[in-house]
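Just need the whole structure built from these sequences, with the hints factored in.
Each residue of the sequence shown is one higher than the one before, starting from 1 at the first, in the numbering used here.
Since the hints were made in silico from the structure, they are not lab data. Where is the CB? At the ideal position from N, CA and C, for every residue including glycine. Just so you know, not all the hints are guaranteed correct.
What the hints assert, rightly or not - Think about it this way: if two alpha-carbon atoms lie no more than 27 Å apart in a straight line, the pair counts; the simulated BS3-like pairs of lysine-lysine are:
1) 328 with 257
2) 368 with 313
3) 313 with 328
4) 377 with 257
5) 312 with 149
6) 348 with 368
7) 313 with 348
8) 313 with 149
9) 348 with 377
10) 348 with 150
11) 312 with 368
12) 377 with 328
13) 312 with 328
14) 312 with 348
Said to hold, decoys possible - Label pairs and their computed distance ranges (CB to CB):
15) 72 with 182: 34 to 44 Å
16) 256 with 334: 10 to 20 Å
17) 129 with 354: 30 to 40 Å
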Amino acid sequence: MAERRPEGGAPRHYHLGLDWGTSTTKLVLRDYSLGSNSAAYVLRPTGTQEGGRYPSAASVHNGLVLLGDAAVGRRGTTEYSLKAKAETPQLFGTRVPGAIRLTYEALATLYLAHIMKLALDVSDVLARGAGQRPRMGVTLGIPTERGWKKTPLAPVFLRMARTAYDIGVRRGIDPQGCSEQEAEEMLRVERPHDSRTDTADYEQWLRPELGAAMLWAFRSPAIAPGLYSCVDIGAWTVNTSYFRIRHDHLDGEYRDKGGLSFFGGACSPPGMNEVCTRLANVLRVVDPTELRGREDALLDTSRERLIEPAVKKMFDVWRVGFGHAYQKEQIQERWRELRVFAIGGGSKVRAVRERFRQFPVEHWPAPKEAPVLGPPKDLYEVPSGGVPSRTQLRGDHAFLHVAYGLSVRHGDFPPFHLSDAVSTLTRRDTVAPDSRRRNVRCRCGSLTIPGSDRCRDCE
Numbered sequence: 001m002a003e004r005r006p007e008g009g010a011p012r013h014y015h016l017g018l019d020w021g022t023s024t025t026k027l028v029l030r031d032y033s034l035g036s037n038s039a040a041y042v043l044r045p046t047g048t049q050e051g052g053r054y055p056s057a058a059s060v061h062n063g064l065v066l067l068g069d070a071a072v073g074r075r076g077t078t079e080y081s082l083k084a085k086a087e088t089p090q091l092f093g094t095r096v097p098g099a100i101r102l103t104y105e106a107l108a109t110l111y112l113a114h115i116m117k118l119a120l121d122v123s124d125v126l127a128r129g130a131g132q133r134p135r136m137g138v139t140l141g142i143p144t145e146r147g148w149k150k151t152p153l154a155p156v157f158l159r160m161a162r163t164a165y166d167i168g169v170r171r172g173i174d175p176q177g178c179s180e181q182e183a184e185e186m187l188r189v190e191r192p193h194d195s196r197t198d199t200a201d202y203e204q205w206l207r208p209e210l211g212a213a214m215l216w217a218f219r220s221p222a223i224a225p226g227l228y229s230c231v232d233i234g235a236w237t238v239n240t241s242y243f244r245i246r247h248d249h250l251d252g253e254y255r256d257k258g259g260l261s262f263f264g265g266a267c268s269p270p271g272m273n274e275v276c277t278r279l280a281n282v283l284r285v286v287d288p289t290e291l292r293g294r295e296d297a298l299l300d301t302s303r304e305r306l307i308e309p310a311v312k313k314m315f316d317v318w319r320v321g322f323g324h325a326y327q328k329e330q331i332q333e334r335w336r337e338l339r340v341f342a343i344g345g346g347s348k349v350r351a352v353r354e355r356f357r358q359f360p361v362e363h364w365p366a367p368k369e370a371p372v373l374g375p376p377k378d379l380y381e382v383p384s385g386g387v388p389s390r391t392q393l394r395g396d397h398a399f400l401h402v403a404y405g406l407s408v409r410h411g412d413f414p415p416f417h418l419s420d421a422v423s424t425l426t427r428r429d430t431v432a433p434d435s436r437r438r439n440v441r442c443r444c445g446s447l448t449i450p451g452s453d454r455c456r457d458c459e
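Set out below in structure tokens:
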């Protein structure tokens, strides 16, 4: 665990999109050395499952800290999500089983440092192949739909991201297998910058997961401006959001897709773990996780009825999210154009996916399915020798939307407003059809409302 020594050579810039999920973590590393033609690579450390999923597991076993694949199946490995325990110590307590003083936040920080060091090792190999040295930034996803000052998790995630970066990237240490005493020494290093919580600091390190998930669609030529919902069905939770891809003017130039406005959403259990548990009870399987990825093949008509209570709860999360979103755009006709993306593991199960073809409100027209998107053209398999890859991503990509959206720097992400920055749009605020022809833009860059110098989001 010696600290990494800086080496010579010109710097080669990379940026890691770190989608830390409740069950698995997804990683996309972007090579910025190619300028505007940056290439993104899906990382698959040892122990990665199909779809680029690395276990979000951690434990303290016989006094040693075990992280990721090394912690899977070990006694003391957290049975519930480590992420949830770090987020809500008031529900789970703070101390990790098997540890003397180590808290869940500390263990989660070490896990993130482990992940960052794995990515740094890949960037090091790639840069060396080009005769350069890596310089890697990181963006960590955070589950929020509100502004930084209104998100209680923001300071916690910022603290974990900064500390993990200091350990795994600046010092180049992988905490895998360290003793509890060594872990405490790593975490105790003073970092004067850790007390800063300005908006710029949050934006440098964190990005809302619901926003990151939509970059894939935003960049696709198959997706037009309009009203959308994204349903991310994970192992532990369902994360739903409603948003509009906006027309915009920017610097006097009309842009067909100029930004994103998020109207609202909801995130709550259950996820696919409950579906697997119900299936395991019927099939008499001891470990429900053995059924992950096989749900669709195991579900016949009779078994679909058995998982219906879990699917209904997922749909209820979507309905709650719609209740929040409708407060921002209170014109029923507008919602007739709603299109739905389903991503995550649950999107691969027909009985789950088809439930979201109903509208969240009874007797409203069914929403439309958004176009099925293939991998982005700039998403590749990891190359070798530092040579830009010519092999585009193969296989399952349903789990990679968030990591892809986190892999771009803050300045390269499209302008977007979270729900608390979007004002309510009612019928009297409806934008006139000819407003597109008015070369007038709001301070945020969006089209203005006729007779106003502001757009409907800022009015």
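So, going through the hints one by one against the coordinates:
With a C-alpha separation of about 20 Å, the suggested pair residue 328 and residue 257 falls inside the 27 Å cut-off, and the hint holds. Using a Cα cut-off of 27 Å, the hinted pair residue 368 and residue 313 holds, with the two alpha carbons roughly 21 Å apart. Among the hinted pairs, residue 313 with residue 328 is consistent with the structure: their alpha-carbon atoms are about 24 Å apart, no more than 27 Å. Between residue 377 and residue 257 the alpha-carbon distance is near 18 Å, which keeps this suggested pair within the 27 Å criterion.
Simply put, residue 312 and residue 149 have alpha-carbon atoms about 33 Å apart, too far for the 27 Å limit, and the pair is violated. The straight-line distance between the Cα atoms of residue 348 and residue 368 is roughly 18 Å, inside the 27 Å bound, and the hint therefore holds. Annotation: proposed proximity of residue 313 to residue 348 holds, straight-line Cα distance about 18 Å (limit 27 Å). This hinted pair does not check out: residue 313 and residue 149 have alpha carbons roughly 30 Å apart, beyond 27 Å.
Annotation: proposed proximity of residue 348 to residue 377 holds, straight-line Cα distance about 22 Å (limit 27 Å). The hinted pair formed by residue 348 and residue 150 fails the criterion: a straight-line CA distance of about 34 Å is larger than 27 Å. Proximity of residue 312 to residue 368 is assessed by CA-CA distance (about 20 Å); at most 27 Å being required, the pair is judged to hold. Pair hint residue 377 plus residue 328 does not hold up; C-alpha atoms about 34 Å apart against a cutoff of 27 Å.
Between residue 312 and residue 328 the CA atoms are separated by roughly 25 Å; this keeps the pair inside 27 Å, and the hint holds. Distance check on the hinted pair: residue 312 and residue 348 sit about 17 Å apart at the alpha-carbon level, within 27 Å; holds. Restraint check, residue 72 to residue 182: a C-beta distance of roughly 22 Å breaks the suggested window 34 to 44 Å. A C-beta distance of roughly 19 Å is found between residue 256 and residue 334, which places it inside the suggested range of 10 to 20 Å.
At roughly 46 Å, the beta-carbon separation of residue 129 and residue 354 lies outside the given 30 to 40 Å, and the hint is violated.
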